[in-house]
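**Q** Listed below, chain by chain, are the residues.
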Amino acid sequence: MRAERPAKAERFWPITLASVAILFALWAGVSVLGLVNPLFLPGPGLLFSSFIDLLFNGYKGYSLPAHIGVSLMRVALGFGSGAIVGTLIGLGMGAMPLFDAFAAPFVEFLRPLPQLAYLVLLIVWFGIGETSKIVLLFLTALPVAAIAARDGVRNVPRERIQAARALGASPGQIFRHVIFFSALPEIFVGARLAIGIVYATLIAAEIIAGSDGIGWLVFDAGRFLRSDYVFVGVLLIGLMGLGLDFGLRTLERRVVHWAGK
Amino acid sequence: MAEGIPAAEFVRFADVSVVFGRGAASVQALQAISLSFAKGDFVCIVGPSGCGKTTLMQTLAGFLRPSTGAVSVDGQPIAGPGPDRGVVFQQPALFPWRTVEANAGFGPEMRGIDPAQRRARVETWLARVGLTEFRHRYPYELSGGMQQRLAIVRALVNEPVLLLMDEPFGALDALTREKMQEELHAVWRTSGMTVLFITHSVEEAVYLGTEVVVMSPRPGRIIERIAAPFARKEGDRDIRAIKSSPAFVAMRERILGLIWGMAEG
Ligand SMILES: Nc1ncnc2c1ncn2[C@@H]1O[C@H](COP(=O)(O)OP(=O)(O)OP(=O)(O)O)[C@@H](O)[C@H]1O
Ligand SMILES: [Mg+2]
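From first to last, the protein sequence lines are chains A and P. Oh and the first sequence: position 39 is 39 in the working numbering, straight run, nothing missing. Quick note, the working numbering runs 1000 ahead of the 1-based positions in the second sequence.
Check each hint, because a few of them may be wrong.
Facing chain P, from chain A, some residues (calculated, C-beta under 8 Å) [what the hints assert, rightly or not]: (1) Ala-169; (2) Gly-172; (3) Phe-181; (4) Leu-248; (5) Glu-252; (6) Lys-261.
Dumping the calculated SDA-like pairs for lysine to any residue here, alpha-carbon to alpha-carbon at most 25 Å [what the hints assert, rightly or not]: (7) Lys-261/A x Thr-1099/P; (8) Lys-261/A x Ala-1014/P; (9) Lys-1243/P x Arg-1189/P.
Since the hints were derived computationally from the structure, they do not count as laboratory data. Quantities reported herein were computed from a predicted structural model and do not represent experimental measurements. For glycine and all other residues, C-beta sits at the position ideal for the given N, C-alpha and C.
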């Protein structure tokens, strides 16, 4: 039977809570005592009122939810399309050595390439609007997803495929019913890796080119020394990142429930 | 039975050799194996590790083409794997994303067998090995012994004429192993199926087999074939009584002596 012992992180939640509480207390203490100029470190009260201010009045023509929404939309479109196309390419690469030979140079070249290195090119090609940003994120997610899917296919235990063949499955059935599912856990690992990189790239891309999005908000507020807005933005970016990872992790646990067992 | 095929040649390895790799790095795994046996036989293969037992089975399963020679079943040369030959490995090699039930029904499902018939077969076999109450569970929720039972059921649901088993009980504890031996024996007795069974346990081979085939160290050759009477013995089937009878012990020791002799020689 399955062992039901909770993971370490879950058992030690009081410690996690305490570490956050201690940092919060230090921060509040420092600002109440006026030890640091609020320009460098706005206190909790100022931060909260700035958050409310952003929430009700927006920032430079867009509401806060609109800034967040446009950022999430970019992640969803870029990551979604890149992960899907990349996974399909990777499945093909894993299953067909000929296609692997054909696609590998592009995928392998693209993967270690710093995204911002070719962002400039994308801006030249697609302009400064949405397209260049989404294409950037698409190209960021694609090679990560492709390589994860390819390795997932390559790592299918040989005996699992032999068992399926001996049971009468055709090559097509083996791919759909055995190889695909065997690769799924690695595809998910790749997706989580990809979404992290995509998210970091998005924030950078919004800074370089744009007039909306949560990354741009932080950068723009910084230029005007609104460090309270910067702090609110950074906190939101961090929380959104946690949320994205949590969402994907939950999906992973549900879909590939057998992984690692 | 196909016409003109002698009964004793239902399964036939004709002068089978297997060489892996080329040139200086090549390994001769099997050398000129000729072995035939009849429908309904339970043939156990024993021999030192690395002597080519798995390789031999793979040529019959159709996963591996012999370098020279040919393998045939009922006069038909083997062209590749097929549902007429069920395979069970040492590790269960189940599909962990499928429930117990869906694992068991994999073969008929892939082959497009009518769902009602498929379900009936799955139900019968799961009940027979005591897995009915686990039918909606996943393989990782089963013990090792139950997983291996499921792997065997998955092969049997396909109703193969030949069952190929490569050390299927090798990873089980002694008690579970003996229980599985009894169950497998009962299935074989009632079905009349033909079985090729690889094992490291001479005792297991003598208990289950109608014949024990002893292979030499690499390159694998057949050293001796010994007819074993215990599998077809009528009457009292108490496993402990059979395994401790003088005739059983004598045969077991004789085969062990053969294998030890090779190891020293
Ligand atoms: N794909 C392969 N490539 C090269 N050599 C191989 C390959 N498969 C098996 N061999 C070699 O062939 C020989 C026979 O291997 P095989 O697995 O058939 O032995 P075995 O009798 O089943 O051993 P064990 O009892 O340990 O399972 C071994 O020396 C092995 O190293
Ligand atoms: Mg072996």
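**Q** Against each hint, give a clear statement of whether it holds in the structure.
**A** Status of the hints after comparison with the structure:
1. Ala-169: This interface hint holds because 4 Å falls under the 8 Å limit.
2. Gly-172: violated, 10 Å
3. Phe-181: Where the cut-off is 8 Å and the nearest Cβ of chain P is about 5 Å from Phe-181/A, the hint holds.
4. Leu-248: violated, 19 Å
5. Glu-252: violated, 13 Å
6. Lys-261: holds, 4 Å
7. Lys-261/A x Thr-1099/P: Satisfied, since the Cα-Cα distance of roughly 14 Å is no more than 25 Å.
8. Lys-261/A x Ala-1014/P: violated, 43 Å
9. Lys-1243/P x Arg-1189/P: Since the Cα atoms of Lys-1243/P and Arg-1189/P sit roughly 18 Å apart, the hinted pair holds (cutoff 25 Å).
Violated hints, listed in ascending order, are 2, 4, 5, 8; each of the other numbered hints is respected by the structure.
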